[in-house]
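J.: Model the full assembly from the supplied sequences, consistent with the hints where possible.
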Amino acid sequence: MSVGNNIVPSKGAISIRNVTKVYDPGGADVMAVDDCSLEIAAGEVCMIVGPSGCGKTTLLNAIAGFHSITEGQIDLDGEMLCGPGKQLATQGADRVVVFQNGALFPWKTLADNVAYGPVVQGLMSKADAREKAMTMLSEAGLDGVADKFPGEVSSGMARRAEIVRALINDPKVLLLDEPYRAMDALTKSIMHESLLEVYDRTKVTIFFITHDLEEAIFLGDRVVVMTTRPAKTKKIVDVKINRPRDYRLLSSEEFRLLVQETKEAVHEEAVKAFEAGERELA
Amino acid sequence: MSNQNVSSRPTGLQYFLYKSAKALKTPTPYLAFLGITLWLVTYYLLCEQWRIFPFYKVPGPLEVITEWINKDPIWGTSLFTEDYYINIWVSCRRIFIAFALATGLGVPLGLFMGWSQKFKDYAFPILELLRPIPILAWVPLAIVMFAGFETPIIYLATLASFFVTALNTMLGVESIDESYFRAAGCLGSKKHHIFLNVVVPGALPYIFTGLQISIGVAWFSLVAAEMISGDYGLGYMIMDSYMVNKYTTMVMAMLTLGFVGWITSAMVRSAGDRMMQWRERALGQGGA
Amino acid sequence: MTQSSKKENGGILKRIFSDLTLRRGVASILIFLTLWEIGFRFHEWFGVMVPFVGKIDAPTLVVARWREVVLQPGYWESWYLSFGRVFFGFLVAQVIGIPFGLAMAVNKNFRGLFFPPFEILRPIPPLAWVPASIIFWPTTELSIMFVTFLGAFYTVVINVLGGARSIDIQYLRAAQSMGATRWDLFRKIILPGTMPSIFIGAAVGMGITWEVVLAAEMISGGGQQSGGGLGFFIWSSYMGGVMDQVIVGMISIGLAGYISSSLIRYLGHISMPWRRMF
Chain G
1 MSVGNNIVPS KGAISIRNVT KVYDPGGADV MAVDDCSLEI AAGEVCMIVG PSGCGKTTLL
61 NAIAGFHSIT EGQIDLDGEM LCGPGKQLAT QGADRVVVFQ NGALFPWKTL ADNVAYGPVV
121 QGLMSKADAR EKAMTMLSEA GLDGVADKFP GEVSSGMARR AEIVRALIND PKVLLLDEPY
181 RAMDALTKSI MHESLLEVYD RTKVTIFFIT HDLEEAIFLG DRVVVMTTRP AKTKKIVDVK
241 INRPRDYRLL SSEEFRLLVQ ETKEAVHEEA VKAFEAGERE LA
Chain E
283 MSNQNVSSRP TGLQYFLYKS AKALKTPTPY LAFLGITLWL VTYYLLCEQW RIFPFYKVPG
343 PLEVITEWIN KDPIWGTSLF TEDYYINIWV SCRRIFIAFA LATGLGVPLG LFMGWSQKFK
403 DYAFPILELL RPIPILAWVP LAIVMFAGFE TPIIYLATLA SFFVTALNTM LGVESIDESY
463 FRAAGCLGSK KHHIFLNVVV PGALPYIFTG LQISIGVAWF SLVAAEMISG DYGLGYMIMD
523 SYMVNKYTTM VMAMLTLGFV GWITSAMVRS AGDRMMQWRE RALGQGGA
Chain C
571 MTQSSKKENG GILKRIFSDL TLRRGVASIL IFLTLWEIGF RFHEWFGVMV PFVGKIDAPT
631 LVVARWREVV LQPGYWESWY LSFGRVFFGF LVAQVIGIPF GLAMAVNKNF RGLFFPPFEI
691 LRPIPPLAWV PASIIFWPTT ELSIMFVTFL GAFYTVVINV LGGARSIDIQ YLRAAQSMGA
751 TRWDLFRKII LPGTMPSIFI GAAVGMGITW EVVLAAEMIS GGGQQSGGGL GFFIWSSYMG
811 GVMDQVIVGM ISIGLAGYIS SSLIRYLGHI SMPWRRMF
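Top line first, the protein sequences correspond to chains G, E and C. Be aware that the first sequence starts at 1, since it is given in this note's numbering, and climbs by one per residue. Be aware that the second sequence starts at 283, since it is given in this note's numbering, and climbs by one per residue. Be aware that the third sequence starts at 571, since it is given in this note's numbering, and climbs by one per residue.
Please note that a few of the clues may not be correct.
Simulated coverage check for chain E against chain G, where a stretch passes if three residues somewhere in it have a Cβ under 8 Å from a Cβ of chain G [said to hold, decoys possible]:
| id | stretch |
| --- | --- |
| 1 | 323–331 |
| 2 | 400–408 |
| 3 | 456–462 |
| 4 | 552–562 |
Quick look at which bits of chain C chain E covers, simulated, 3 or more residues with Cβ under 8 Å [claimed, not checked]:
| id | stretch |
| --- | --- |
| 5 | 699–709 |
| 6 | 729–735 |
The set of hints was computed from the structure by calculation and includes no laboratory data. Every value quoted in this text rests on a predicted model; they were computed, and no experiment measured them. Ideal placement from N, C-alpha and C gives every residue a C-beta, glycine not left out.
T.: Take a look at the structure:
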């Protein structure tokens with residue numbers, strides 16, 4: 001299926017150590033993440049699942065540099081992103097986020113969206129960046145719509161373009177925050193296959209937040225189940241299924257058992273979260 | 283579609299004809315026609331036919347229209363006299379200057395207020411302090427501060443639209459979804475990139491809503507200012523013809539004012555559509 | 571452990587002084603007033619006239635004048651007259667505008683018939699009606715009220731119409747599936763669904779009303795049969811050359827407008843508990 005299958009991933013190892021995050025909305029402190037530790041190897045697809053509002057996104061925001069952390073430290077390839085003395089990570093194109101509701105700039109065409117990163121980083125001229133964007137978009141099967149605005153294409157296409165926009169920067173880590181949440185099952189499975197294809201080609205580290213357990217097992221190397229707020233790692237499920245994977249996997253016994261195992265862990269936390277009845281935090 | 287070029291869309295005229303044909307099958311245009319006719323007939327009957335108190339004091343539609351298209355107008359002003367156009371021209375020029383000034387000052391101010399909390403903390407209170415004062419209350423002050431007829435009038439019209447534009451622009455920036463800022467940030471943008479690529483285009487829809495209101499407000503204050511202290515312009519024309527009992531001319535000036543005002547706001551709207559292609563096209567897909 | 575213990579020591583005063591936004595706001599207003607004062611005094615101190623600001627009486631003079639003026643009954647009468655006109659014109663605009671807007675929203679034919687003439691008249695600024703209104707209505711008072719009404723009317727109608735038409739159709743369907751009659755739909759869904767827009771329209775309309783009242787008072791009240799009011803207060807102070815009193819009038823009318831719109835906000839707040847507006 002893909003040629004570069006035996007790339008040895010050398011970058012994108014994330015080390016999360018004893019991270020705690022306390023929000024302070026109007027004096028009432030809320031602990032979103034409590035003493036959470038997690039090691040993600042270079043080139044790993046790490047899936048994070050857990051009940052709504054448990055602090056998964058907080059972790060992602062800390063890595064991306066959108067929010068500070070209260071305690072602990074996060075490293076990327078041995079260099080500190082945030083930690084003691086520097087609570088907020090600097091945002092940078094080595095960690096690109098794909099957002100829950102999609103954040104392609106609606107006022108730029110898909111090609112201009114993709115070309116945006118290299119241009120603002122001063123790596124390429126506008127024309128070169130556009131050319132590369134065109135190439136990458138057509139690799140992703142989007143050459144017909146490169147000059148359309150995001151509002152004109154389907155959500156699936158937009159999401160795929162958003163991943164291309166991330167990949168053009170050759171990031172160390174791809175941070176995905178429930179990117180396929182609002183999609184129907186069929187579109188979703190197409191998106192999964194195209195993401196797997198991208199992964200097999202680039203072996204980029206993927207940090208993927210989701211609610212969908214089947215999605216988690218299908219895509220991931222490891223599935224990390226988080227507890228309800230404050231978030232900790234509750235259980236880590238190793239998915240030892242060979243790559244490349246395709247949709248036939250979904251009907252295998254091995255797959256079914258893994259989903260079952262994860263579901264039991266998540267269900268317990270979901271019940272707790274539901275009974276607490278708290279609103280989601282950002 | 284057998285056409286190879288999928289992205290080609292119907293041309294303006296075709297689209298217009300298609301839309302018109304479709305619209306003619308609905309009752310809307312007929313009702314509109316009926317409604318306007320009904321209104322004109324009532325107006326005519328009340329003012330010219332039955333001459334009921336106090337309607338007879340106001341010139342009726344027939345009287346106004348005959349005067350308007352009269353080559354030799356009874357009261358001295360019609361489509362064929364020069365002073366009619368001078369008044370329109372003077373008002374339009376003032377509006378243009380005021381609107382340009384207000385936009386040139388208001389949009390940047392609004393952008394910075396929306397973008398930087400610190401800047402907003404300092405600038406917004408002063409704006410809010412001055413904003414509740416009705417524009418017309420500034421008239422005496424404007425006359426004292428600026429000499430002549432022209433500058434005070436332009437100042438008043440500018441002030442009115444400035445507040446609206448600045449406020450809407452600020453709201454526009456605040457309405458931009460946080461995720462666009464974040465996306466821009468994690469793609470390696472510097473501050474000025476975010477400003478140019480997120481803040482400005484993201485606020486455009488609100489800016490143009492604001493500009494549409496602002497040009498209306500500019501006309502509003504312009505007319506008032508011209509009525510109170512003017513030498514030319516449509517507001518002056520209304521006030522002047524009232525003073526010398528040329529009521530037909532007065533109604534003519536009012537209608538002209540409405541028409542010219544409508545044209546200018548249509549111009550602002552179409553400029554907005556032009557600058558926000560991405561929005562137009564996305565909406566067009568909705569089939570609405 | 572998560573609920574901190576530092577909540578107890580937060581006195582209101584302490585809170586205000588620790589609020590950065592507030593501190594900055596106060597600072598910037600103080601700077602503004604100081605610059606104004608210096609701008610005016612510059613001529614007196616250094617013999618150089620500062621353009622524009624130099625001709626506007628300084629805050630200290632304005633305050634001094636205000637303290638004189640509040641003792642005069644005429645000043646308060648102006649308040650009373652202007653408030654009366656605003657209130658009346660505004661009320662009539664609501665009473666006619668809300669049903670008119672709702673009728674246009676509910677009935678398609680009604681909208682088709684009445685919306686076009688409405689749209690033709692709307693671009694004419696309300697103040698352009700002042701002379702026509704003076705000719706038409708027998709008294710100055712009525713003509714000022716008519717123009718005031720007109721100013722608020724357009725805004726009210728447009729907001730009500732827009733608000734009623736933007737109600738989510740799902741609510742209507744849900745109610746219909748539960749067996750609601752047409753009258754129920756109107757009373758239980760369309761009316762409360764339009765409430766936020768009604769209040770937004772009212773708030774905007776209130777602002778316009780004050781603009782119009784002021785202008786109408788300035789334009790028509792200047793003659794022999796002067797109508798009085800804050801607009802006339804400003805105008806006559808200007809005519810008398812008392813500039814600091816003009817500024818007192820400006821601030822008074824700003825204050826009056828602010829009080830009125832706060833009142834509307836408050837009404838909106840208590841009548842729509844499900845939705846905190848503004």
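J.: Taking a Cβ-to-Cβ distance below 8 Å as contact, does the stretch 552–562 of chain E have at least three residues touching chain G?
T.: With 4 residues in contact (Cβ-Cβ under 8 Å with chain G), the coverage given for the stretch 552–562 of chain E holds.
J.: Can you tell me if the stretch 699–709 of chain C counts as covered by chain E, using C-beta to C-beta distances under 8 Å and a minimum of three residues?
T.: Per the Cβ count (9), the hint holds.
J.: How about the stretch 729–735 of chain C: do at least three of its residues have a C-beta closer than 8 Å to a C-beta of chain E?
T.: violated (count 0)
J.: Between the stretch 400–408 of chain E and chain G, are there enough contacts, at least three residues with CB-CB distance under 8 Å, for the coverage claim to hold?
T.: Not satisfied, violated; 0 residues make the cut.
J.: Test coverage of the stretch 456–462 of chain E by chain G using CB-CB distances below 8 Å; three residues minimum.
T.: holds (count 3)
J.: Quick check: do three or more residues in the stretch 323–331 of chain E have a beta carbon closer than 8 Å to a beta carbon of chain G?
T.: violated (count 0)
The earlier numbered hints that this structure contradicts are 1, 2, 6.
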